[in-house]
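The hints should help you fit chain B onto chain A, whose structure is shown.
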Amino acid sequence: MERFVDIFEDAEIICSPSSSCVAMLREHYQHLASESRRAALADKVKQLLPRVFEFTELLVDKLGVTETGAFYPHKVTYHPSCHSLRTLCLGDKPIRLLKNVKDLKYVELPEAEQCCGFGGTFSIKNADVSAAMLADKMKTIAATGADVCAACDNSCLMHIYGGLHRKKQPIRVAHLAEILASEHS
Amino acid sequence: MNARVGLAAGSPDFPTAAKAALGDAQLRRNVRLATDVIRARRTLLVAEKPDWQELRTAANRIKEHTLNHLDEYLLQFEEACVRAGGKVHWAADADEANQIITGIIQSHGETEVIKVKTMTSDETQLNTALTAARITPYETDLADLIVQLGNDHPSHIVVPALHKNRAQIREIFLEKMHLDGLGHEPGDLAEAARKYLREKFLRVSIGISGANFAIAESGSVCVVESEGNARMCLTLPKVLISLIGIEKVIPRFQDLEVFLQILARSATGERMSPYSSIWTGVSADDGPQEFHVVLLDNGRTTVLADDVARQTLHCIRCGACLNACPVYRQTGGHAYGSIYSGPIGAILTPQLQSMEHSQTLPFASSLCGACYEVCPVRIKIPDVLVHLRAKVVEQGDSPLTEKIAMKAAAFALAGPARFEAAQSVVRLVQKPFVTDAVVSNLPGMLSGWSVARDLMPVPAQSFREWWKERK
Numbered sequence: 001m002e003r004f005v006d007i008f009e010d011a012e013i014i015c016s017p018s019s020s021c022v023a024m025l026r027e028h029y030q031h032l033a034s035e036s037r038r039a040a041l042a043d044k045v046k047q048l049l050p051r052v053f054e055f056t057e058l059l060v061d062k063l064g065v066t067e068t069g070a071f072y073p074h075k076v077t078y079h080p081s082c083h084s085l086r087t088l089c090l091g092d093k094p095i096r097l098l099k100n101v102k103d104l105k106y107v108e109l110p111e112a113e114q115c116c117g118f119g120g121t122f123s124i125k126n127a128d129v130s131a132a133m134l135a136d137k138m139k140t141i142a143a144t145g146a147d148v149c150a151a152c153d154n155s156c157l158m159h160i161y162g163g164l165h166r167k168k169q170p171i172r173v174a175h176l177a178e179i180l181a182s183e184h185s
Numbered sequence: 001m002n003a004r005v006g007l008a009a010g011s012p013d014f015p016t017a018a019k020a021a022l023g024d025a026q027l028r029r030n031v032r033l034a035t036d037v038i039r040a041r042r043t044l045l046v047a048e049k050p051d052w053q054e055l056r057t058a059a060n061r062i063k064e065h066t067l068n069h070l071d072e073y074l075l076q077f078e079e080a081c082v083r084a085g086g087k088v089h090w091a092a093d094a095d096e097a098n099q100i101i102t103g104i105i106q107s108h109g110e111t112e113v114i115k116v117k118t119m120t121s122d123e124t125q126l127n128t129a130l131t132a133a134r135i136t137p138y139e140t141d142l143a144d145l146i147v148q149l150g151n152d153h154p155s156h157i158v159v160p161a162l163h164k165n166r167a168q169i170r171e172i173f174l175e176k177m178h179l180d181g182l183g184h185e186p187g188d189l190a191e192a193a194r195k196y197l198r199e200k201f202l203r204v205s206i207g208i209s210g211a212n213f214a215i216a217e218s219g220s221v222c223v224v225e226s227e228g229n230a231r232m233c234l235t236l237p238k239v240l241i242s243l244i245g246i247e248k249v250i251p252r253f254q255d256l257e258v259f260l261q262i263l264a265r266s267a268t269g270e271r272m273s274p275y276s277s278i279w280t281g282v283s284a285d286d287g288p289q290e291f292h293v294v295l296l297d298n299g300r301t302t303v304l305a306d307d308v309a310r311q312t313l314h315c316i317r318c319g320a321c322l323n324a325c326p327v328y329r330q331t332g333g334h335a336y337g338s339i340y341s342g343p344i345g346a347i348l349t350p351q352l353q354s355m356e357h358s359q360t361l362p363f364a365s366s367l368c369g370a371c372y373e374v375c376p377v378r379i380k381i382p383d384v385l386v387h388l389r390a391k392v393v394e395q396g397d398s399p400l401t402e403k404i405a406m407k408a409a410a411f412a413l414a415g416p417a418r419f420e421a422a423q424s425v426v427r428l429v430q431k432p433f434v435t436d437a438v439v440s441n442l443p444g445m446l447s448g449w450s451v452a453r454d455l456m457p458v459p460a461q462s463f464r465e466w467w468k469e470r471k
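Taken in order, these protein sequences are the chains called A and B.
Counted the way the numbering used here counts, the first sequence spans residues 1 to 185.
Counted the way the numbering used here counts, the second sequence spans residues 1 to 471.
This is chain B alone, in the form it adopts within the complex:
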């Protein structure tokens, strides 16, 4: 098995990429504006629900239960889906999923597909695989279309083009759609996309989707969206292929009651998503006549095997933690080097890759806890971050200077005598660094502090010494 998450394995480390992002003033304005708007809407809509905390708990329990019996529910889903006329494929990793999907398209002799927004296909780099097989994928989610036409990468789980503003989007449309006289208003841009996409919806005969939920008892699949473009892809083509991560299964149809209430409120600050499409297998003379489900592992079972980190798989990809995160707010999504960005990306991306790549991501957080506060399925992201930090350290992958510093700190903090001795040493060593009663220029790995901050030196008399004297 070769689990990969988009291009994450080859991406620069977070501090380096974040530094570049921080230098992009336009990007930071776009991210700030967009996350502020979604956050404010979410806060309003969540406040409407007196049972919000109970809903979070219910969602958490359903996910926890499902993951503890995932093998049974996946088989139940497969059986029900097949009974309803669907075909179910199992993919161990990204390459296998891409091969299965490419094979289905080729078996129909087709060279084009229309796609519903699916992060999972970005995870497997499906578009790259399809293009290599001379199949043209058309993204039909407006934001994904902007990203695709701009040869760009998604920067947000729910709002992939969040980093672009209206003027930048207009530039992309002008260049790629060859439109004369394209206006500047949101309506003008939406109309241009509508015309561009409508022709594809009516012509292309294979659709590809992801899934928000896969219902075990009925074999049904559920996709929620805002634009209606997914509904087009799910109903108009002759063949429909849904790529679904194995953690997306839920036991019962009734469980949607909980998830549909929390998802839209958390994701876009709406009471309900404008479109919730739910379908079961195939129906004669209605919708696609051939339906494939590709169930994807790609590292998910290794996450499942970890007692502490398993809750990562609760995620319903609402993106609330991204909007709430003060780190994401500064850097945007690209700095994470993964299609899964923000706090959830910081725990999901390294785990899917067996902790072999993206090792700086668990450290890309001040552990402020804003992510857990908003998480509708109660993933204790700060706990998982700390757990993964420990894994990186246990693997021996922390920097040498840090290893030495931690050893020194452990020694100095082991008893009061050692602590007092260490204080005396620092009092001496700090002398060359103190100017005007502050330290403004720290050496080595500590220099990160003094790029923007002064530090009070260790005082001549410590609290302990003052306390002793006072007695």
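With the rest of the complex left out, here is chain A:
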């Protein structure tokens, strides 16, 4: 946390492409700082937090951008990661961005709000339960007929990729930023 504050304290805007990282900053940094009993550090954290934006927050809320001019000729579904959904409450921001991508066909994910089962060390400590949750998630992704599953959290994408690849499912995963940066080749 100290290091993070040192590096970013003078930044005008701090953008993270990971909902869970932003959730960590917003939910836990203030708590950690106050626990450290260092008033100066706690104050710096407090000053810094309003300048932290999750990637889609920066685009939609701060910059007012919902159309990036991207081109992505694929059928795409979107998995709202738990932190993006319940901690950051991103709502439909990622989906609005996706729907405005040229040639992209958006398909809604059934039971989208269900956790993919990653949960950090949970995926190793409770590997069997985690794998069962992932199996459910993969079933709903496959049911959409999408060829790409997008999300705003690389950890979930790593998990979903791991399952899809193991099952030899012809579905790719992509971070939303990757899609929004795609152009005509």
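Source of the hints: derived by calculation from the structure; they are not laboratory data.
Each hint should be verified, as a subset may be incorrect.
What the hints assert, rightly or not - Simulated DEER-style distance windows between Cβ atoms:
1. 401(B) / 12(A): 41 to 47 Å
2. 187(B) / 66(A): 51 to 57 Å
3. 456(B) / 34(A): 35 to 41 Å
4. 228(B) / 35(A): 49 to 55 Å
5. 15(A) / 444(B): 34 to 40 Å
6. 228(B) / 91(A): 41 to 47 Å
7. 187(B) / 35(A): 57 to 63 Å
8. 467(B) / 34(A): 32 to 38 Å
9. 34(A) / 399(B): 26 to 32 Å
10. 7(A) / 461(B): 20 to 26 Å
11. 34(A) / 171(B): 55 to 61 Å
12. 91(A) / 399(B): 15 to 21 Å
13. 409(B) / 34(A): 23 to 29 Å
14. 147(A) / 171(B): 24 to 30 Å
Said to hold, decoys possible - For lysine-lysine, the following DSBU-like pairs were computed, each having C-alpha atoms within a straight-line distance of at most 30 Å:
15. 99(A) / 75(A)
16. 125(A) / 380(B)
17. 167(A) / 19(B)
18. 168(A) / 19(B)
19. 19(B) / 46(A)
20. 19(B) / 139(A)
21. 176(B) / 167(A)
22. 391(B) / 125(A)
These numbers come from a predicted model, not from an experiment.
Glycine residues also receive a C-beta, built at the ideal position from the N, C-alpha and C atoms.
This is chain B only, laid out in the frame that chain A set:
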């Protein structure tokens, strides 16, 4: 004091028990179906209330206030209950509660009791204690009856037999009630239970209940239920004994306004529970003429002493977090090894036992937050889970491999030079594990990942290296 939660102390750890549960396809179908139905009903009924979030906040504030003044409210409850003709007993732990209740029954020379659904009595293993004292307890809640007749354990706080389907229940009834020609329809099974129980209601003279709420200002006790069987137990016997956890007290009668609105919607997806029984002490010529309250601590005061985890005691046992939990949805309740299962069980069970047992439970969550989202009293279950994980680590109870891995990670993440060095090491070490450009077979504690998942290897060029080059 010896706080215990049913048989939790001797239960297998969560990952082991969960693995067994995951292999039971029938169990998983039953749990999935039942939780889907209750969840859908809850969602509908909650959406009806424009002030739902305000109700949650009100319930949270009332509980927080009460817990901060618990000593005063408990004494107020005792005084009011005694004034109304009740007797109040204080039990430090499960054994003491069981002894008090057994003693009351024996003082009347009785050998049978009828019971209202009470999780607290499962916590103290009251039925085991009564049976040892040659007293026969009859569960009268339909689901508890199914569990009792099947020599089973509850798997859900609100719906104890959720893991059984109709055909399985019929098998239990056929065997234990000796019924010829028992039909297959829900109505047939309900009628069989009705006949079996009615005879007990009319014959047995001592009833045992728990409580949903104990009202400090009036000394009243409130029990909500769906079947009317609790109402029978609360009104027909001569003697009534209510076993109540000390966290069940609320200050005022008016506070029920908040709790009765949120409880039924959260628990069963109903606007109101079909039966809400509220009584105060004893009334001449009406209902039980002798009324005992046993106030149970059993580890609750140790939970109360923890600033972060205290909110665990807000719980009104609605079970909404179980139905919402993606982990519970996969495993059902038995895997938790405790009568308190799901997210609330994962925080309550280890705490009641002073963090000496059930230490894998705080880790039985992906921290997805679905439990907090539905909790009608706003218990921040994910925060408490993390807090309890830290306690397990501080106690030195995490596995050795994990301790080493965490030390290594802390070292590698302490600066960019170390991080880059660690990346280079992994690039070398991973080589024997990479086939077809993925890692499919991880060693040691990481093997859990590769049971069902591949992993992209650390790439030849990292983002940082690419970024530097680009500049």
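Contradicted hints - numbers only
12, 14, 19 and 21
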